[in-house]
Amino acid sequence: MFLELYIPRFALFKEQRHPALTISVVMWSILTNVSFTLGYILPDAVPIYYLPKRLLINYLIAFGLATGVNFVVLPVTSRKIFFVLPNSSITDIAFL
Amino acid sequence: MAKASSTYDIIEVGPITMPSGFTVSDLIRLRYTKTLQVLPYGPRTMSSGGKGIDLAEGGHADADATTLKTSSSAVMGQQMAAVDDALEQTPQQNWIIAWIKGQITGFSFPLVLMAIKFPPPSLLVPLQLTVFVSRASLPPIIFLAMYRSTPVANEIGSLGYIVAIIASLQFAMQPRSKYLQSLLQNIIFTCAAVPYSILGLYCARVARQHTQAPGDRNRYNSSAAAVSAIFLFVNVYALNVFRAVYSPFCVV
Chain C
50 MFLELYIPRF ALFKEQRHPA LTISVVMWSI LTNVSFTLGY ILPDAVPIYY LPKRLLINYL
110 IAFGLATGVN FVVLPVTSRK IFFVLPNSSI TDIAFL
Chain D
2 MAKASSTYDI IEVGPITMPS GFTVSDLIRL RYTKTLQVLP YGPRTMSSGG KGIDLAEGGH
62 ADADATTLKT SSSAVMGQQM AAVDDALEQT PQQNWIIAWI KGQITGFSFP LVLMAIKFPP
122 PSLLVPLQLT VFVSRASLPP IIFLAMYRST PVANEIGSLG YIVAIIASLQ FAMQPRSKYL
182 QSLLQNIIFT CAAVPYSILG LYCARVARQH TQAPGDRNRY NSSAAAVSAI FLFVNVYALN
242 VFRAVYSPFC VV
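Chains C and D supply the protein sequences, listed in that same order.
Following the numbering used here, the numbering of the first sequence begins with 50 at its first residue and continues without gaps.
Following the numbering used here, the numbering of the second sequence begins with 2 at its first residue and continues without gaps.
Warning: the hint list may mix true and false statements.
[What the hints assert, rightly or not] With a Cα cut of at most 20 Å, we get these calculated SDA-like pairs of lysine to any residue:
1. C:Lys102 <-> C:Leu91
2. D:Lys179 <-> C:Lys102
3. C:Lys129 <-> D:Lys102
4. D:Lys102 <-> D:Asp86
5. C:Lys129 <-> D:Ala137
6. C:Lys102 <-> D:Asn219
7. D:Lys102 <-> C:Ser127
8. D:Lys179 <-> C:Leu91
9. C:Lys102 <-> D:Leu185
10. C:Lys129 <-> D:Phe172
11. C:Lys102 <-> D:Leu200
12. D:Lys179 <-> C:Ile72
13. C:Lys129 <-> D:Ser178
[Unchecked claim] Computed Cβ-Cβ distance ranges for the label pairs, DEER-style:
14. D:Ala193 <-> C:Ile90: 32 to 38 Å
15. D:Val126 <-> C:Val95: 49 to 55 Å
16. C:Tyr98 <-> D:Tyr221: 41 to 47 Å
17. D:Val153 <-> C:Ile90: 22 to 28 Å
18. C:Pro92 <-> D:Pro196: 18 to 24 Å
19. D:Leu125 <-> C:Tyr99: 45 to 51 Å
20. D:Tyr221 <-> C:Asn82: 15 to 21 Å
21. D:Ile97 <-> C:Val95: 56 to 62 Å
I should point out that these hints are in silico values taken from the structure, not numbers from a laboratory.
Note that the structure is predicted; figures quoted are calculated from it, not measured.
Note that the Cβ used here is the ideal one computed from N, Cα and C, for glycine as well.
Chain D on its own, in the form it takes in the complex (with noise of 0.2 Å):
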């Protein structure tokens, strides 16, 4: 073997039979590392066997075309089983040790360098910068908090998530004019919505009274149900009208 690569530097790697599970950046690899870092792919089956060892253990400097095809193959099955060895021996190591390693030998000293010479102007404008980026995320949380106190849930009830909904569509990051006019809109509309869903609601109960027995305590009526929907369904249609044809109502 150190015959033979003492007098082939070069491995000619054409018409070798390769093993399973080695591709062509194995090769390439090989050519240019020559020390063999394959993964275990799979079940792989050496090509050469016995007799490619007795071939490089003998020595062929002055081989001919096919012993030297059977002796790198050799070799490179030598090297696989190394690989093999060496894999099976290593043990397993802790992700947590192996990624402050990455940590380590990816830091760069030269960042820490700029860092020192260009330092930020002040540790403020990060600070600022931050709470400005995420202020319109700030009335639903604030909210939320709220929330978990016993009297507020308590007076608010399991309708909560509507109050954390509509603040964060109102869009507390907007610039005063902008912000007081989209609330001044959004009021109007919360305002006339109100009415409409009491004359729904009205129209459902009717409904039911007139559909129901006088002693029947069910809460599901069919009539109500259908009414509430044609309410609905007309609401959303004649809205989504009104947003199309009037489009200054487009906020945002």
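Extracted from the complex, chain C is given alone in its bound form (with noise of 0.2 Å):
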């Protein structure tokens, strides 16, 4: 599994231009793997959408903590972003 997980992202595909990485794909990784390292030993009497249920439910949850926080705590819009940061420095923050 880790050499599978090694092999694509190091070794292959050296010239991707944004060697950034991909919060979506880690994010559909991480549900993937933890659905097929924990749920093929459940038994008959539990639900198949069990786990991926709950682990959908947590995914919402952590979004909303995450969108609530970036819409209340100092709120930031990319025109400020844009047309503010490039002509001050970051103590400048208090004029966002």
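Dock chain to chain to rebuild the complex, using the hints, since each chain is given by itself in its own frame.
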């Protein structure tokens, strides 16, 4: 599993244009990793959709928390970032 | 010793047989400060012995080169012995008191004057800056604080670490439009991953039902594990290929 994680990421695609991590793909990978390493030993009494449903609920809780923090705690718009930050220092955060 | 030091102010340190544990930096310090401060490196052997002490006591203002060497090494040996005695007699200082003394001696009054002369514009700005920088770590902290509550822990169960991981991966410090874009993208990917994992788990369960005896209650089944592993490997490989090909999906 770790070999399969390693090879496509670092060995095969060295010419990747943006060598940044893809958050969406990482989230998909986490979900499927947890499902396939934990779900196949669940007994028959447990429905199949139990574990993915729990994971989806946990993901949505996390998205909600992050969205609330982003909208409530010092909200910053992209327009302010684009127009204010290039002409100011980091201490001009108060004007954002 | 007093006569020798008054006659020869500069001690020639060239051909002296130095005792062990005596380095070049100690020689330089001796040359310029005339007070020997040697750390106890290890067992030390005095080269001159009693003869050098006798020579220093007798006084050799007009001594030749060989006796000068012996007397200077004897002086060094005496100084080092005195330093050893001083080191043995000094009591062990408490490290907290030593730290406080260092803080007091390192205190710089001009810095205080500068701070008084040019004060920060407001005390709100550093606080705001701190919150702005540490905004991305707020969602996992909030969730972990919630997770200590018993109803929340009963509802979420042992998969609570997933929430903290995803909340920190969501990057709440992004500006709004970029955050909304990444949020939409992540929700779409997550909702696409759920049916895929349901399909894989269904295949694993069917494999288990086909290979396991009806009365067997064993939770582990090799066929189910193999099917699950194949699904996982194919999934990871395809995802990385997708990520490498479609670089617009690279966030951050």
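Verification of the hints:
Restraint check for lysine 102 of chain C and leucine 91 of chain C: the C-alpha separation of about 14 Å stays at or below 20 Å, so the hint holds. Distance restraint check for lysine 179 of chain D and lysine 102 of chain C: the Cα-Cα separation of roughly 27 Å exceeds the 20 Å cut-off, and the hinted pair is therefore not satisfied. Restraint check for lysine 129 of chain C and lysine 102 of chain D: not satisfied, since their Cα atoms lie roughly 48 Å apart, outside the 20 Å limit. Between lysine 102 of chain D and aspartate 86 of chain D, the direct Cα distance comes to roughly 24 Å. Violation of the 20 Å bound is thereby established for this hinted pair.
The suggested pairing of lysine 129 of chain C with alanine 137 of chain D holds, with an alpha-carbon distance near 18 Å, which does not exceed 20 Å. Restraint check for lysine 102 of chain C and asparagine 219 of chain D: not satisfied, since their Cα atoms lie roughly 25 Å apart, outside the 20 Å limit. The straight-line distance between the Cα atoms of lysine 102 of chain D and serine 127 of chain C is roughly 50 Å, outside the 20 Å bound, and the hint therefore fails. For the given pair, lysine 179 of chain D sits about 39 Å from leucine 91 of chain C by alpha-carbon distance, which is inconsistent with the 20 Å threshold.
At roughly 19 Å between alpha-carbon atoms, lysine 102 of chain C and leucine 185 of chain D fall within 20 Å of each other, so this suggested pair holds. Between lysine 129 of chain C and phenylalanine 172 of chain D the alpha-carbon distance is near 18 Å, which keeps this suggested pair within the 20 Å criterion. Taking the CA atoms of lysine 102 of chain C and leucine 200 of chain D, the gap is about 13 Å. The hint holds against a cut of 20 Å. The suggested pairing of lysine 179 of chain D with isoleucine 72 of chain C holds, with an alpha-carbon distance near 13 Å, which does not exceed 20 Å.
Taken as a hint, the lysine 129 of chain C and serine 178 of chain D pair is honoured in the structure, with Cα atoms around 11 Å apart against an allowance of 20 Å. For the pair alanine 193 of chain D and isoleucine 90 of chain C, the beta carbons lie near 25 Å from each other, so the given range of 32 to 38 Å is not met. Checked against the hint of 49 to 55 Å, the pair valine 126 of chain D and valine 95 of chain C passes, with Cβ atoms roughly 54 Å apart. For the pair tyrosine 98 of chain C and tyrosine 221 of chain D, the supplied restraint of 41 to 47 Å is violated, since their beta-carbon distance comes to about 22 Å.
Take valine 153 of chain D and isoleucine 90 of chain C: their Cβ atoms lie about 26 Å apart, and the range 22 to 28 Å holds. A hinted range of 18 to 24 Å for the beta carbons of proline 92 of chain C and proline 196 of chain D is consistent with their spacing of about 22 Å. With their beta carbons about 49 Å apart, leucine 125 of chain D and tyrosine 99 of chain C fall inside the hinted range of 45 to 51 Å. At roughly 19 Å, the beta-carbon separation of tyrosine 221 of chain D and asparagine 82 of chain C lies within the given 15 to 21 Å, and the hint holds.
Isoleucine 97 of chain D and valine 95 of chain C have their C-beta atoms about 58 Å apart, which keeps the hinted 56 to 62 Å range intact.
When each numbered hint is compared with the structure, violations occur for hints 2, 3, 4, 6, 7, 8, 14, 16.
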